[in-house]
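Taken in order, these protein sequences are the chains called R and F.
Converting from the first sequence to the numbering used here requires adding 95 to each position, the first position being numbered 1.
The second sequence: position 550 = 537 (the numbering used here), numbered continuously.
Take these hints with a grain of salt, some might be off.
Said to hold, decoys possible - In silico lysine-lysine, DSSO-like type, Cα no more than 30 Å apart, as pairs:
{"no.": "1", "chain 1": "F", "residue 1": "Lys333", "chain 2": "F", "residue 2": "Lys387"}
{"no.": "2", "chain 1": "R", "residue 1": "Lys180", "chain 2": "F", "residue 2": "Lys395"}
{"no.": "3", "chain 1": "F", "residue 1": "Lys395", "chain 2": "F", "residue 2": "Lys369"}
{"no.": "4", "chain 1": "F", "residue 1": "Lys666", "chain 2": "F", "residue 2": "Lys691"}
{"no.": "5", "chain 1": "F", "residue 1": "Lys614", "chain 2": "R", "residue 2": "Lys180"}
{"no.": "6", "chain 1": "F", "residue 1": "Lys691", "chain 2": "F", "residue 2": "Lys36"}
{"no.": "7", "chain 1": "R", "residue 1": "Lys180", "chain 2": "F", "residue 2": "Lys654"}
{"no.": "8", "chain 1": "F", "residue 1": "Lys649", "chain 2": "F", "residue 2": "Lys632"}
{"no.": "9", "chain 1": "F", "residue 1": "Lys133", "chain 2": "F", "residue 2": "Lys170"}
{"no.": "10", "chain 1": "F", "residue 1": "Lys236", "chain 2": "F", "residue 2": "Lys5"}
{"no.": "11", "chain 1": "F", "residue 1": "Lys632", "chain 2": "F", "residue 2": "Lys647"}
{"no.": "12", "chain 1": "F", "residue 1": "Lys36", "chain 2": "F", "residue 2": "Lys108"}
{"no.": "13", "chain 1": "F", "residue 1": "Lys649", "chain 2": "F", "residue 2": "Lys497"}
{"no.": "14", "chain 1": "F", "residue 1": "Lys319", "chain 2": "R", "residue 2": "Lys180"}
{"no.": "15", "chain 1": "R", "residue 1": "Lys180", "chain 2": "F", "residue 2": "Lys617"}
Unchecked claim - So these bits of chain R aren't anywhere near chain F, every CB distance computed over 12 Å:
{"no.": "16", "residue": "Pro101"}
{"no.": "17", "residue": "Glu105"}
{"no.": "18", "residue": "Val107"}
{"no.": "19", "residue": "Arg120"}
{"no.": "20", "residue": "Asp160"}
{"no.": "21", "residue": "Thr169"}
{"no.": "22", "residue": "Asp173"}
{"no.": "23", "residue": "Lys180"}
{"no.": "24", "residue": "Asn181"}
{"no.": "25", "residue": "Val210"}
{"no.": "26", "residue": "Ala215"}
It is worth saying that the hints were derived from the structure and are not from the lab.
Every residue gets a Cβ at the ideal spot worked out from N, C-alpha and C, and that includes glycine.
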Amino acid sequence: MNNHVPPPDEEVSRRLLGTVSYRDRLSAGRLMPPVGMLREDVRSLKELHLLLTPDARSLPGVNLDALAEWVRRTLGDDDLAHIVKNINNSAESYAEACLALFELVGLRLEQARQVLDHTA
Amino acid sequence: MSICGYAGKILRLDLATKAATAIPTEKYRRWGGGHGMGAALFWDLCKDKTITDGRHQANVCCVMTSPLNGTIVPSAGGRCEVVGVGVGMYPISWFTRSGFGGRFSTMLKHAGWDGIVIEGKAEKPVWIDIRNDRVIFRDASGLWGKDTWTTQKEIWQMVGVPRGTKTAWQELARLDKDKKSAKDEGRFTQKPAVLTIGPAGENQTAHACLIHDAGNGAGQGGFGAVWGSKNLKAISVLGTGSIRVADAKSLIRARMVTKEKYVASSERPDFRAWTRLGTLPKPIIQVPPPTKDRRPQSCQGCINGCRTRYNVGYGNESACQETAWYGPYARKVAKNAAENTEINLKAADIVQQYGFNSFVFQTGLHWLEHLYEEGVLGPGRKIPSELPWKEIGTLNFAEKLVHALSTKTDIGKDMADGWVQAAIRWGREKDLETGALQFSYWGWPEHGYDPRAELEWGYGSIMGDRDTNTHCFNQIFTSVSAAFAFAMPIRIEAEEMVNLHARKLSPYAKGRPEVLDFSDGNMYSEAVAQLVRWQQHYCRFWKQSALFCDLKWPDFYNTNTPDLQGATASPDAGEQVFWNAVTGDKLSFEDGIELGRRIWNLDNAIWVLQGRHRDMVHFAPYVYQTKFEKGELFPFYMWPCRDEKGEWKYTDLMGRALDKGKFEEWKTTFYRLEGWNRKTGWPKRSTLEKMDMTFVADALQAAKRLGEEEA
Chain R
96 MNNHVPPPDE
106 EVSRRLLGTV
116 SYRDRLSAGR
126 LMPPVGMLRE
136 DVRSLKELHL
146 LLTPDARSLP
156 GVNLDALAEW
166 VRRTLGDDDL
176 AHIVKNINNS
186 AESYAEACLA
196 LFELVGLRLE
206 QARQVLDHTA
Chain F
-12 MSICGYAGKI
-2 LRLDLATKAA
8 TAIPTEKYRR
18 WGGGHGMGAA
28 LFWDLCKDKT
38 ITDGRHQANV
48 CCVMTSPLNG
58 TIVPSAGGRC
68 EVVGVGVGMY
78 PISWFTRSGF
88 GGRFSTMLKH
98 AGWDGIVIEG
108 KAEKPVWIDI
118 RNDRVIFRDA
128 SGLWGKDTWT
138 TQKEIWQMVG
148 VPRGTKTAWQ
158 ELARLDKDKK
168 SAKDEGRFTQ
178 KPAVLTIGPA
188 GENQTAHACL
198 IHDAGNGAGQ
208 GGFGAVWGSK
218 NLKAISVLGT
228 GSIRVADAKS
238 LIRARMVTKE
248 KYVASSERPD
258 FRAWTRLGTL
268 PKPIIQVPPP
278 TKDRRPQSCQ
288 GCINGCRTRY
298 NVGYGNESAC
308 QETAWYGPYA
318 RKVAKNAAEN
328 TEINLKAADI
338 VQQYGFNSFV
348 FQTGLHWLEH
358 LYEEGVLGPG
368 RKIPSELPWK
378 EIGTLNFAEK
388 LVHALSTKTD
398 IGKDMADGWV
408 QAAIRWGREK
418 DLETGALQFS
428 YWGWPEHGYD
438 PRAELEWGYG
448 SIMGDRDTNT
458 HCFNQIFTSV
468 SAAFAFAMPI
478 RIEAEEMVNL
488 HARKLSPYAK
498 GRPEVLDFSD
508 GNMYSEAVAQ
518 LVRWQQHYCR
528 FWKQSALFCD
538 LKWPDFYNTN
548 TPDLQGATAS
558 PDAGEQVFWN
568 AVTGDKLSFE
578 DGIELGRRIW
588 NLDNAIWVLQ
598 GRHRDMVHFA
608 PYVYQTKFEK
618 GELFPFYMWP
628 CRDEKGEWKY
638 TDLMGRALDK
648 GKFEEWKTTF
658 YRLEGWNRKT
668 GWPKRSTLEK
678 MDMTFVADAL
688 QAAKRLGEEE
698 A
């Protein structure tokens, strides 16, 4: 599987580094024993990256189908959405998908920053 | 008096008259300790049991220990129980409970007291200075307004204990400079154990808590507000005594068995059998060894160390919810994971210092954010607030929010009596229907174990007095769900899992694995009612009276033992083994459950006197009207259920709401099993008399609230 993602254009980059409205947030959470399930909605790619950051105490809670759709519709990043979908379909486990997504989202954020740096 | 495990007397404080007297513990021995004794003391001493707000002057607050406190019983020695009428619940603040860890209960017993009963209201703020038998009412005007940490530090200074951790043995008599007596009053090495309120308690706000040391808190119940209403700032205890144990050899043997047989170690291969979320199995997990960044910290006598002290100097001793409440918001401003952690830990310190129960933020802060984002709350809006809502996620916002809610300023003014009360005041009842405000039961927030999925948690909470916060079974959900998340081989298959539990569920559900079947077809069954009964009765005695730690007991299954049998009820290291070794009793595990049933019945009688009727026993509307959407917070909520063929499988419980009519039928079943009247939920004389509680039946009859006998 090729998870290479071409750099976003300037417009997409701006959206990727921005924050969406409250109503456009992605419903998400966290499983943290013994606290339980916590709501941790996401309104930006940066927040998603922090949500997915590996942590010995907890697991991020994301509906991966909904995530791909959110990236496509709300962030307007078809390339990223496509790879999110690929990862969701191919990862051996949910946790592994989250790890791969953490790497991917980190890369995408860096790409977006570079695009905007160059155009500044 | 010398009864093994007990100090022998209970301290009775009348704050109005500044009188300190002793009650012989023997009088309340039949209730075991902790919650049981506290409820019985409340029953005897509270002159008006119809009060529905803990800030009423008639309220009696009991801070109780157990015979196991101050001993080496694992995961029990350092717990402490607080009971009384609470604050901030809805529609009625029930007689309720809270617990905390640390070293307060041990120190109290070493000072010669099995508990403290607090009555009346002091004319001016006071703190209580206990040094063994000496009990001194001291002026707290200089402490009023100070946070919980500053208060403790100043009390340590006022008591005169040398600073630092390298001080040697101190003589109690020498602390009192005016005292000429050379009498040996005993020696100590620790600082006094102080239980105190912060600004939230002083201002009598809902969800104010009691704090001890850096991060031990009696959170739920609003007992900080109860103390504030009594002008009681703090209680400091310094004890130099010890606790007599009936059978030291058996106690040590059981502790050694626990360590050798039931403890999971990070160095043993099965520790991560489920997943990297190495919190399982229960009860006895040793945390990872100290590192250069952190070292584990335990309650008195515990072999765990589930809390942490950090080299950075903040977040110390905070664990569980208080380190997580601000997480979703810290992420909005944190530049990286390290900063995210820093904000979270410092936000934990803020709530500890204000003495504010952060649990209400778990779902409550999302609601406030919702109101702000929907344009309802904020500067110049329908619900005016000058808090810096645009800065949510920063430490500045966290401090200002906690300050407002602790001092009745800004929105804190409207929220001082509770969150549901504030919703009604603001005309936001619909949020309880949509689930925007997920305060599920009695004005308390959903805990993270949704009542639409995890039935014993939700049903247990609504049949009781508060969010139950009893983690007896939900390691099944977390461990199995995590295993599914990692696609790990299932360590214990569903059928074996329920059978392992059923072996321990004596007496009501022994050998009945179906009690754990939370499928749609079984969720309103008699079997689930038996499970909820077992949990309530087990917890009322073993957890809340004997004070075995909720996060470590019961141990139903244990992957360290060849047959996977956990320590609970076992003949070598079960709860009753420790109890009997300390007290010299011959209590069986089932005797403890029966004692828990009596305590539960006494609690229910108090609730009935406060005004409870079955018609008011229902969840917030959203629990019936709004489905727990699949994938809403996590991809699945796995639990053992039987399928249509009767085969056990781990099944996702998301995607459903409760059926109100069927839940009402389930309540009827529950009342029948408890021997309570099915129409009212009030206890029947026949039930109470069988438990030697005629005095309760008489009181209910006098109040015209005794349940009618039924065929």
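Discussion item. Output the indices of the hints that this structure fails to meet, ascending.
Written reply: Those not satisfied are hints 2, 7, 9, 10, 19 and 20.
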